[in-house]
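Student: Below, each chain spelled out in residue letters.
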Amino acid sequence: MRAVKDNALSLFFLALFALTVLGQALVGHANENEELIRHDQAPVSLGEFVTSSEFLVDVSENWQSEFLQFSVTSSEFLVDVSENWQSEFLQFFLFILATVWLVQRGSPESKKPGDEGLGTDEDQMVGRHARPDSPPWARADGWRRWLLANSMLLVMGTIFLLSWWAQSLGGLVVANQEAMDHGELPMTWPSYVASPEFWNRTLQNWQSEFLAVGCMVAFSIYLRQRGSAESKPVGTPNGTAALESE
Amino acid sequence: MSDTNSDETVEETAGMRFAFWSWMAIVIAGLAVMIVLPLAGR
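Sequence lines, in order, name chains H and B. Under my numbering, think of the first position of the first sequence as 44, with each following residue one higher. Under my numbering, think of the first position of the second sequence as 105, with each following residue one higher.
Isolated chain H (complex conformation) (with noise of 0.2 angstroms):
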């Protein structure tokens, strides 16, 4: 109960995942339906609209048309996902990055003014200034530690740039079959993510995210959530930020 407690909002937050997760792809799939059926063709199943199993074993028995239903009804669905995905990992990214060189006055999302910038050895705990508990790598010299140091923004932008890639894989899959219904060449990878499509599926989700954090920041110079780790202490000043106030 103790590990339970401890996790509480990894696992609120997994719980939250799977079950959207399971809604998009139920919904979705009718979504599908509806489109298919008003078009006269049949309708796909939730495993056909949502795996790749049956997929994979049929591709050598399937020959055109089912083979592109599939993979298009299936890509839909990965589109997406994946640009929404890419979205969310470049909005951490750049908040990330961010926050290392610019700051907002009173914003408990911000270092203080005066603190930009990557901080000593000292600040970091970094070589000699690590402590017994320290990562191990934080103590070591080189690449260990640059490696330590900037793991976060390294991974949040690999995830980024590989979701990005995979939207782009999706919705080359589906407008090809959009392509194809209209009689029209398929487009090749390059002039696909050169696309008015492309960028409009990109740019609305990208939107979105800077806004809401842009808000984030703003607005927690001024608004309060008691209890919150996302806010400043109810009575701290407004242009006090948490850690000036501690």
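Be careful, since some hints might not be right.
Unchecked claim - Cut-off 20 angstroms, straight-line C-alpha distance, at most; resulting in silico cross-link-like pairs (SDA-like, lysine to any residue):
(1) H:48 to B:123
(2) H:48 to B:119
(3) H:48 to B:118
(4) H:48 to B:117
(5) H:48 to B:116
(6) H:48 to B:139
(7) H:48 to B:115
(8) H:48 to B:121
(9) H:154 to H:139
(10) H:48 to B:125
(11) H:48 to B:127
(12) H:48 to B:120
(13) H:48 to B:132
As the list claims (entries may be wrong) - Between beta-carbon pairs, the in silico distance windows are:
(14) B:125 to H:78: 33 to 43 angstroms
(15) H:70 to B:125: 25 to 35 angstroms
(16) H:183 to B:132: 23 to 33 angstroms
(17) B:143 to H:239: 36 to 46 angstroms
(18) H:83 to B:118: 47 to 57 angstroms
(19) B:143 to H:242: 16 to 26 angstroms
(20) B:140 to H:171: 18 to 28 angstroms
(21) H:166 to B:126: 30 to 40 angstroms
(22) B:143 to H:47: 32 to 42 angstroms
(23) B:132 to H:83: 32 to 42 angstroms
(24) B:115 to H:198: 16 to 26 angstroms
(25) B:128 to H:163: 22 to 32 angstroms
In short, the hints are calculated from the structure, not lab data. Even for Gly, the Cβ is constructed at its ideal location relative to N, Cα and C.
Since chain H is already given, all that's left is putting chain B on it; use the hints.
Tutor: Only chain B this time, still in chain H's reference frame:
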């Protein structure tokens, strides 16, 4: 934001490792599916 210079020593627990690796596994599995399927479907 937490105070990173706190002197409090907190033991790393199995629950913390579970939280980290379960999220990492979700991301790696999701990325693999989202990349492999469209490539295979081409």
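Student: Determine which of the earlier numbered hints do not hold for this structure and return their numbers in increasing order.
Tutor: The structure conflicts with hints 6, 13, 17 and 20, although it agrees with all the remaining ones.
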